[in-house]
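**Q** Taken in sequence, the protein lines are chains A, B and C.
With the working numbering as the guide, the letters of the first sequence map in order to residues 2 to 123.
With the working numbering as the guide, the letters of the second sequence map in order to residues 593 to 942.
With the working numbering as the guide, the letters of the third sequence map in order to residues 34 to 461.
Check the hints yourself; a few may be wrong.
For lysine-lysine, the following DSS-like pairs were computed, each having C-alpha atoms within a straight-line distance of at most 27 Å [stated by the list, open to error]:
| no. | chain 1 | residue 1 | chain 2 | residue 2 |
| --- | --- | --- | --- | --- |
| 1 | C | 89 | C | 50 |
| 2 | B | 793 | C | 359 |
| 3 | C | 63 | C | 50 |
| 4 | C | 118 | C | 77 |
| 5 | B | 772 | C | 157 |
| 6 | C | 223 | B | 793 |
| 7 | B | 778 | C | 302 |
| 8 | B | 753 | B | 739 |
Sample of chain A residues at the chain C side, in silico, Cβ under 7 Å [as the list claims (entries may be wrong)]:
| no. | residue |
| --- | --- |
| 9 | 11 |
| 10 | 12 |
| 11 | 95 |
| 12 | 96 |
| 13 | 98 |
| 14 | 100 |
Rather than coming from a laboratory, the hints here were simulated on the basis of the structure.
We treat Cβ as the ideally placed atom computed from N, Cα and C, and that holds for glycine.
Each chain is listed here by its residues.
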Amino acid sequence: MNNLIITNNPAVAEIKDIVLFVDGSAEETLIKARDLVHEGYELISHPLAASLRMMFSPFRSVILGKKSDKVDIFSVEIIEESIIKFKRHMESRKIDTDNNDDYKMIDLILLEAAIHEQPVTW
Amino acid sequence: MSDSFKVLYYVNQFFGQIGGEDKAGIPPEFRPGKIGPAMGFEALLKGEGTVVGTIICGDNYFNENKSDVLEIILNMIKEAAPDVFVAGPAFNAGRYGVACSEISKAVAQQLKIPVVTGMYVENPGLDNCKAFAYVVSTSDSAGGMRKALPSMAALASKLAKGIEVRSPEEEGYIARGMRKTLIVEKRGSQRAVEMLLARLKGQPYETEMPMHVFDIVTPAVPIKNLSKATIALCTSGGIVPTGNPDKIQSASAQKWGKYDISNKSALNAPDFYTTHGGYDPIYANEMPDRIAPLDILKEFEQEGYIGKVFDWFYTTTGTGTAVNKSVEFGTQIGAELKAAGVDGVILTST
Amino acid sequence: MKLEIGRIYIKDIQLGKETSVIDGVLTVDKQGLIDNLKEDGRIKDILIDVARPGEKVRIIPVKDVIEPRVKIQGGNNGFPGVTSKQAQCGEGRTHVLYGAAVVTVGDIVGFQEGVVDMWGEGAKWTPFSKTYNLTVDIQVVAGLDPHTHEETVRIAGLRASEFIGLAGENVTPDEVLTFEIGSMFEETTKYPDLPKVIYAEMNITQGLLHDTYIYGVNQSGILPALLHANEEIDNAVISGNCVAACDKITTYQHQNNSVIYDLYAQHGKEINFLGVIMVPEHTTLAGKVRASDYTVKLAKMLGADGVVVSEEGYGNPDSDLLMICKKCERNGIKTVLITDECAGRDGLSQPLSDTAVEAVAVISGGNVSHVVTLLPADKVIGNAAAIAVLSGGWEGSLLEDGSMMCELNAVIGATSEIGFHNVTCRLY
Chain A
2 MNNLIITNNP AVAEIKDIVL FVDGSAEETL IKARDLVHEG YELISHPLAA SLRMMFSPFR
62 SVILGKKSDK VDIFSVEIIE ESIIKFKRHM ESRKIDTDNN DDYKMIDLIL LEAAIHEQPV
122 TW
Chain B
593 MSDSFKVLYY VNQFFGQIGG EDKAGIPPEF RPGKIGPAMG FEALLKGEGT VVGTIICGDN
653 YFNENKSDVL EIILNMIKEA APDVFVAGPA FNAGRYGVAC SEISKAVAQQ LKIPVVTGMY
713 VENPGLDNCK AFAYVVSTSD SAGGMRKALP SMAALASKLA KGIEVRSPEE EGYIARGMRK
773 TLIVEKRGSQ RAVEMLLARL KGQPYETEMP MHVFDIVTPA VPIKNLSKAT IALCTSGGIV
833 PTGNPDKIQS ASAQKWGKYD ISNKSALNAP DFYTTHGGYD PIYANEMPDR IAPLDILKEF
893 EQEGYIGKVF DWFYTTTGTG TAVNKSVEFG TQIGAELKAA GVDGVILTST
Chain C
34 MKLEIGRIYI KDIQLGKETS VIDGVLTVDK QGLIDNLKED GRIKDILIDV ARPGEKVRII
94 PVKDVIEPRV KIQGGNNGFP GVTSKQAQCG EGRTHVLYGA AVVTVGDIVG FQEGVVDMWG
154 EGAKWTPFSK TYNLTVDIQV VAGLDPHTHE ETVRIAGLRA SEFIGLAGEN VTPDEVLTFE
214 IGSMFEETTK YPDLPKVIYA EMNITQGLLH DTYIYGVNQS GILPALLHAN EEIDNAVISG
274 NCVAACDKIT TYQHQNNSVI YDLYAQHGKE INFLGVIMVP EHTTLAGKVR ASDYTVKLAK
334 MLGADGVVVS EEGYGNPDSD LLMICKKCER NGIKTVLITD ECAGRDGLSQ PLSDTAVEAV
394 AVISGGNVSH VVTLLPADKV IGNAAAIAVL SGGWEGSLLE DGSMMCELNA VIGATSEIGF
454 HNVTCRLY
């Protein structure tokens with residue numbers, strides 16, 4: 002099963018095959034993922050990380066799965082709530098660009114972990 | 593006297609002892625000294641503060657001339673330069689509550705002067721101002737004056753002197769919706785275990801994080817044949833016939849209106865405009881159909897895509913309008929539409 | 034299973050030539066500890082220091098906090114499966130240097146920010162301002178990949194606590210706590226009328242800087258696991274989380290999990306405490322569904338009437354928390370959740386957007402965006418550059434007098450979601 006990775010992380014785009022690269026911010030990446038979810042893609046990975054510090058990361062990667070004719074309501078709820086939560090945290094924060102390389106690396110490692118976590122399904 | 597703080601008071605025509613409904617149209621005036629509830633209020637300050645003046649304004653005058661009158665009142669307040677501003681209590685009076693609410697919010701936001709008011713929890717003015725002013729919870733009628741004033745005076749005194757205001761329960765005000773981070777005596781795990789024990793025993797407990805639970809409305813069954821259906825147009829975007837014949841409030845609406853559109857093909861300017869106070873009206877006034885698309889509905893009717901556009905168009909303003917008022921409006925409008933045999937409604941918001 | 038924890042009260046830490054506890058004063062053989070840790074060839078340098086409550090000292094960036102202990106009887110010393118051979122935790126006798134902590138400093142990535150202030154405003158918000166802290170700053174050789182770097186720092190902290198803990202081996206404890214719970218059948222026979230309560234402890238298990246280990250096993254690859262309540266408080270669980278400063282569970286907090294302590298205190302009185310389900314927090318939605326289903330299934334198999342669910346982290350774990358809650362409540366198991374919230378800097382935002390009508394009993398560990406002002410420190414232990422990370426959050430956070438405004442999310446243990454700290458939020 003080939004999943005689609007939505008990412009604005011060049012380190013991910015460089016080494017992964019099926020990637021939709023977003024030339025923009027983490028928020029734009031989430032919004033792109035949301036648009037695709039509304040077109041019928043299901044979410045494989047949760048759009049947010051598990052720590053607040055990664056919420057401040059300028060790079061974000063989200064894995065989408067199958068596209069079907071019917072919108073997956075569960076995925077819609079998760080992505081919409083994630084965007085609300087993300088915006089709330091970033092409202093008055095500066096983007097931490099000093100640590101770009103580290104954020105790229107950790108985003109990639111966490112993505113790899115998520116890919117690894119998903120058992121083969123069809 | 594140097595220690596005494598200055599209070600400026602606001603009341604409507606009734607509590608300002610000018611008159612009842614017949615005097616509701618009087619414009620704002622400033623009177624030095626204390627009038628009506630301000631008298632009792634000052635006595636409760638125990639000499640620590642003085643009411644330096646009372647502003648009186650008719651409820652109708654305020655609600656019908658909101659933007660102008662607000663500016664006049666703000667200027668009066670600026671001139672008096674009080675340490676704390678007090679309005680009401682308005683109990684459950686709708687127009688008075690909205691006036692207290694609008695003024696309180698403006699004073700707190702624009703003049704940065706602390707504000708105390710008082711309202712019944714269902715007063716339509718509450719939601720608009722509770723985050724900015726301290727709104728003491730009162731009963732629904734003026735009989736609760738004796739109970740409301742001491743809490744209001746105590747809060748005003750604390751605010752004027754810069755003393756920390758304690759929790760809503762302790763001080764008697766309605767929660768402002770602010771989540772305050774505190775250090776408490778018991779650690780979280782102990783509170784969790786105690787809460788679980790209470791749940792298991794069926795005893796009362798209070799969650800520390802009330803979830804925002806939304807009303808769940810069962811969707812109506814789908815319309816089987818749209819080409820035979822009568823569709824009504826309804827908006828909370830404040831589109832009204834020019835001149836706003838029913839005086840629908842621009843915010844915190846107290847009523848809705850309905851207008852015959854059976855002979856119209858669109859909601860055209862300048863016959864219609866918006867009275868909504870919550871958004872930039874330029875584009876709505878240019879083409880009111882942008883808010884309530886009667887033009888498209890009529891096209892659909894012509895094409896036979898829908899059966900018929902209902903003869904009456906329903907409207908109100910959604911900004912600051914209390915949820916219970918909205919429920920009331922919806923129930924009333926829904927009942928009318930149902931009785932008229934309407935099959936579906938296009939409801940637009942802004 | 035029966036465990037005795039002997040607490041030796043520590044009133045000060047000194048650096049010296051040998052490691053001992055005399056009259057409550059812990060002396061640490063500084064060079065001996067450095068030599069011991071440097072047996073790991075991946076470590077280049079070790080810096081040892083002491084931070085005492087009330088001193089104008091800031092420790093940053095904190096990686097982990099560990100309580101120094103020694104196994105007196107039963108099991109193996111150290112952390113079985115990690116620093117010592119596999120053994121059963123939760124039995125026998127363990128001595129604890131109570132009031133002391135090993136605080137490791139080591140930045141694997143540039144954006145780590147966890148801060149512990151030992152004095153002033155900052156001290157109020159972290160439970161580790163009240164412990165006597167032996168700080169271990171671990172610098173590794175060049176060229177390590179990030180996973181190896183993290184592992185090196187993690188293991189060094191555990192080994193340091195083991196090294197120091199040995200000082201308590203022959204000391205008579207000031208207090209001995211006994212933790213004993215038999216098989217579920219025995220306990221249910223003893224307390225047939227008490228409600229059966231389980232603790233579901235969620236742990237971050239999502240990859241580098243976001244991992245938790247049980248007996249050295251990375252929890253990300255396993256199904257929710259049932260533990261006896263004694264195991265975690267006897268070194269079975271360690272933290273690999275280097276971020277999420279305010280709401281991660283440090284190893285110290287696993288060793289002293291306050292939910293386990295507080296449920297234990299009610300065992301045989303008000304409740305029958307069944308044990309702990311360790312719940313992995315996965316990244317994928319499928320993983321979240323699986324872990325929450327499995328957790329609720331275990332709780333049902335054990336006949337639980339009630340469950341305390343604690344979260345770790347913020348963001349995607351919020352979904353797991355509410356899934357577990359919904360499924361438990363639908364199965365008639367009463368839940369209490371412990372979490373933290375983001376209500377914005379002014380406290381005016383609506384917390385938790387994932388609403389669930391089932392979440393009727395929730396404990397709040399506080400607002401992660403609450404702003405605190407940290408005064409300038411006389412001494413910074415660790416990497417002063419990390420302070421830039423802390424103060425870089427938004428415009429104007431660095432004030433003229435050198436103090437800075439930071440959100441609670443940077444403070445170690447501030448909004449603990451196992452209810453380890455005394456912070457909360459109230460509606461005002």
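**Q** Would the pair residue 223/C and residue 793/B pass a check requiring their Cα atoms to be no farther apart than 27 Å?
**A** Distance of about 20 Å is within 27 Å: holds.
**Q** Does residue 739/B sit within 27 Å of residue 753/B, going by the straight-line distance between their CA atoms?
**A** Roughly 23 Å between the alpha carbons, so the hint for residue 753/B and residue 739/B holds.
**Q** Tell me if the interface restraint on residue 95/A is satisfied: Cβ within less than 7 Å of some Cβ in chain C.
**A** At about 5 Å, which falls below the 7 Å cut-off, the nearest Cβ of chain C leaves the hint on residue 95/A intact, so it holds.
**Q** Against the 27 Å threshold, does the CA-CA distance of residue 63/C and residue 50/C hold or violate the hint?
**A** Holds. Residue 63/C to residue 50/C sits at ~7 Å (cutoff 27 Å).
**Q** Given residue 100/A was flagged as interface, is its beta-carbon under 7 Å from a beta-carbon of chain C?
**A** Status holds, d = 4 Å.
**Q** Does the structure keep residue 793/B and residue 359/C at a Cα separation of 27 Å or less?
**A** 20 Å, holds
**Q** The hint names residue 96/A as touching chain C; please verify it with the least Cβ-Cβ distance against 7 Å.
**A** 10 Å, violated
**Q** Is residue 89/C close enough to residue 50/C, meaning Cα to Cα at most 27 Å?
**A** 26 Å, holds
**Q** Let me know if the C-beta of residue 12/A comes in closer than 7 Å to any C-beta of chain C, holds or violated.
**A** 13 Å, violated
**Q** Has the given pair, residue 778/B with residue 302/C, been kept, meaning a C-alpha gap of at most 27 Å?
**A** 20 Å, holds
**Q** Tell me if residue 98/A is really an interface residue toward chain C, meaning its C-beta lies closer than 7 Å to one of theirs.
**A** 10 Å, violated
**Q** Assess, step by step, whether the Cα of residue 772/B is no farther than 27 Å from the Cα of residue 157/C, and give holds or violated.
**A** 16 Å, holds
Of the hints listed earlier, those the structure fails to meet are numbers 9, 10, 12 and 13, in rising order.
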